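Given the sequences, and given the hints that come with them, work out the whole structure.
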Amino acid sequence: MLSETKNITWSDFQALSPEEKKPYFSENGQLFHCLHSQQFDREFIDHIYKLTNIIRSISKSKKGSLFLQGLMPHYKAMLYFMQPSTRTYLSFRTACQILGIQTSDVRDASISSEVKGETFEDTIRTFSSYFNFIIMRHPKEGYAEQAAYCLNNSERPIPILNAGSGKDQHPTQAILDIYTLRRSFEHYGGLEGKTILLAGDLLRGRTVRSLSKLITFFPGTKLILSSPEKFKMAEDVISFLDEKQMDYEVSNEFIKHLPEADAIYMTRVQDEHDTGSDKSEKSFPEFSLRAEHLSILKEHCAIMHPLPRREELDSAIDNDPRAKYWRQERNGMWARAALMTHITGYDKKIMSYWSDICKQANHTADI
Amino acid sequence: MLSETKNITWSDFQALSPEEKKPYFSENGQLFHCLHSQQFDREFIDHIYKLTNIIRSISKSKKGSLFLQGLMPHYKAMLYFMQPSTRTYLSFRTACQILGIQTSDVRDASISSEVKGETFEDTIRTFSSYFNFIIMRHPKEGYAEQAAYCLNNSERPIPILNAGSGKDQHPTQAILDIYTLRRSFEHYGGLEGKTILLAGDLLRGRTVRSLSKLITFFPGTKLILSSPEKFKMAEDVISFLDEKQMDYEVSNEFIKHLPEADAIYMTRVQDEHDTGSDKSEKSFPEFSLRAEHLSILKEHCAIMHPLPRREELDSAIDNDPRAKYWRQERNGMWARAALMTHITGYDKKIMSYWSDICKQANHTADI
Amino acid sequence: MLSETKNITWSDFQALSPEEKKPYFSENGQLFHCLHSQQFDREFIDHIYKLTNIIRSISKSKKGSLFLQGLMPHYKAMLYFMQPSTRTYLSFRTACQILGIQTSDVRDASISSEVKGETFEDTIRTFSSYFNFIIMRHPKEGYAEQAAYCLNNSERPIPILNAGSGKDQHPTQAILDIYTLRRSFEHYGGLEGKTILLAGDLLRGRTVRSLSKLITFFPGTKLILSSPEKFKMAEDVISFLDEKQMDYEVSNEFIKHLPEADAIYMTRVQDEHDTGSDKSEKSFPEFSLRAEHLSILKEHCAIMHPLPRREELDSAIDNDPRAKYWRQERNGMWARAALMTHITGYDKKIMSYWSDICKQANHTADI
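Protein chains in written order, with the numbering used here: chain A, 1 to 367; chain R, 1 to 367; chain Y, 1 to 367.
Heads up, a few of these hints could be off.
[Claimed, not checked] Just the calculated beta-carbon pair ranges, DEER-fashion:
| hint | chain 1 | residue 1 | chain 2 | residue 2 | range |
| --- | --- | --- | --- | --- | --- |
| 1 | Y | Asp320 | R | Ala109 | 45 to 55 Å |
| 2 | Y | Asp108 | A | Lys140 | 51 to 61 Å |
| 3 | R | Lys62 | Y | Gly190 | 46 to 56 Å |
| 4 | R | Met1 | Y | Glu235 | 53 to 63 Å |
| 5 | R | Lys62 | Y | Ala109 | 53 to 63 Å |
| 6 | A | Asp168 | Y | Ala109 | 43 to 53 Å |
| 7 | Y | Asp108 | R | Gly193 | 21 to 31 Å |
| 8 | Y | Gln30 | R | Arg156 | 51 to 61 Å |
Keep in mind that the hints were calculated from the coordinates and are not lab data.
This structure is a prediction, so every number in the text was calculated from the model and none was measured.
The C-beta atom is built at its ideal place from N, Cα and C for all residues, glycine as well.
This is the structure:
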């Protein structure tokens, strides 16, 4: 219950574990704010998977596109991006356009009232005066939570969608990554039982951190956590995997694992989190996937990357059918659209439209 | 008549009083450009009040929202904001979205042709080639007028809506302030006869300057003009109040007036108008409204603020039912939507739609 | 055929002549990417002329506007403008709005993933994940071509519309210039046989370079190429005119040619292409059109300018009926809308709608 927030101070709230915070981000047992990947369970992931597939299918016709655009034209979303972003920003924006949601941006603090000394809380409340959603990326950890806390205490709580905050949380990326993995194995027996190689900067890559946790919902999967020593997966994730009795392997080698991987998830060195003299090396050539490796990969191996990439992923791979990263990128748009319809309850209308179409076409609604 | 502008030079035009300029901003006895609060009369204020209420009511249903969005989808508006703004910008933009008006922005001179040496007049004429409205904020006083003068002399005059120019004029803020005041007293006998306490930087706060003048349309209201000595209300407004035989009191005290106020309008020190070494003090603690004052306020006192605020308005007040500033902010969106439909004549369609709804519902159209 | 691009390397492709590149920018004999004015032939120009006129006419009614907005609401366009632009940007954006196309912008590299080291090709492929068009302006010559080459080799080729790249190409400006010329002579026997005076910086003005070439499709026209010695028309254009056996005159005088001109196309010194110490003079007063010249111009002379202007075109001329530059500017919006419907095949729906209207109105569809 959002309104429970009135009974807890901000500092007490901050001290809660992600698990304990969950109820404050839900309403009537349903996701309201989307802030952490810890809010997701298998049922949610399954629902979003199905919904994303249906939205993609519906949008293939002009008629279907118009149905989708007719769902939420009376909704307005604020894209509040206080950090550079191309993919997350554009995919959220185009997801809104698919659903008919009107958008506005604040991407530059110098043209807003923050230059007049406005507090973060007042900025967020102001957005809530005009919009039905706030989609926000912020360099400061915990700001998305603070926005949710502030709105829960106001007369107009509206959903906060966390589009990346600080080093840790980027929950919609986790959703699209899981979606892409599952979609890649749709005709190959599903994600269960597959071996996933995560490679690169596992310490600071928020996508691989979230993915490692969500993968525990899929019994029988195995993780290979392959990174340079200085960027190995942090202890909290390792403990989580242990607790869930996951099969995993920590490794500082890369190439030797390629033949056994059903999916390879590459990441780049997250050096934007480095500051000043603490600049790390920009790349680790031994953790690069190159065209010459293609011959040793499995025939149906799914190659993924959250993008942008640098030299850790050879662009000569792009046209190989196993390269899924461009689709992964595009999936971000569909999955974010699915999430927004779920939060507002419009997913029900989509399900019912799809079921009608399937009845007419006399084919199965099981997508 | 706009076309009369052809017979007067820019320098002669500039020398006219606001009263004398009014006819140049009207067409067929109807507001065309919205530049000064001096253009408004009681009839106009009453009409916008009613219209704003109706638009709010209609928009509550999806069906109503779609009706509103179907009104002006063939209109395009330019949001030309050469100064930082959050509220005015976002409320105009979302007002456009409510009416289906398509928008574009120019908020950064460095990405437009002004960097190639284009004059202000050419920039404005260019906007008139593509848009049906120009909504503009400019740091230079008189620029909105100059834009209107320039377009009146062109083949494609389109309305200029002044969203704040220089230190003086911000007419749509005045509209939403009056709206919020009246709305706050809707069930308490109306604005007439009420005591309004204006507090803070009355010298440079353009909102309190405009409000003081518009309040003269409401017989029996009393103004208390409470400010530090160095920021007291300017002589021109005082003379205007005298001329209208208004009941007012100039005071450099604040707290002692709180118990008698039906509405309290707080403002912040407008130090963005200070330059260089001339920086004033940033705040005057004795002109701050704090949570501990709530107990001495009237039960139905309306607390307002144009926002953004600093320490002159304690955020601990936010959840008190008498705090109206977040609603005031949101009213800006509805009131600006009302203004745009009025200027274009689409208010008639709204009135007729509303009257149909009321007939069907068998309730009164008197809102 | 776009797919032929797979068989040619980028460096071999770059070495091709514009003529040889044409097939790579077409699909099924139809324009796909719009990159060079060399892609246009008389048939194309005639079609766009007719289509532009029809779109203008249809849009005059609200019903017609709604028909146009209903054409492509399921399309999304990326406006990727890496150089300052007002007119080209706004006219493309409003053209999209006329057709119901949803837009997004990238106008500032500092808020996109380029700051994280993303390559140009990856940026373009990313846009192709979310959009149906890329409308791009880039300071680097050949970047629009490189974008097209890159997408032709991808799984999701989408049209690139070149909105100005480097010093040379700005094909949609050429389309609107030819449109405006023809429209100006609609009631005066058409463009054929007319004398066109091009004046100013002919060396670096990409609009006059393109226009000189397209004018060769209109038999009997004569060009007067009037410029300061240091900015005279480059040899490649002169050779092209010779090859096409055009009637033209190269002159370093201006005023003496005014009485014979049916159209005067003024340009400003393109000093944004100058760098550092190499700054040229900013203006050449003897190549300026001033109000005092109006008396020696032909009665139906069309005065044009691509804008923005400086002192080479006296603003006192603006209200003369022969001044066509504001219309020219507005024509950019209609002509770009026409181009986008042509590339996507939606021009057929427009033609058929128009033909129905004409049947109903019992007037001729010949516009």
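Do the hints match the structure? See the list:
no., hint, result
1, Y:Asp320 / R:Ala109: 45 to 55 Å, "violated, 30 Å"
2, Y:Asp108 / A:Lys140: 51 to 61 Å, "violated, 22 Å"
3, R:Lys62 / Y:Gly190: 46 to 56 Å, "holds, 52 Å"
4, R:Met1 / Y:Glu235: 53 to 63 Å, "holds, 55 Å"
5, R:Lys62 / Y:Ala109: 53 to 63 Å, "violated, 40 Å"
6, A:Asp168 / Y:Ala109: 43 to 53 Å, "violated, 27 Å"
7, Y:Asp108 / R:Gly193: 21 to 31 Å, "violated, 53 Å"
8, Y:Gln30 / R:Arg156: 51 to 61 Å, "violated, 35 Å"
The structure shown violates the earlier hints numbered 1, 2, 5, 6, 7 and 8.
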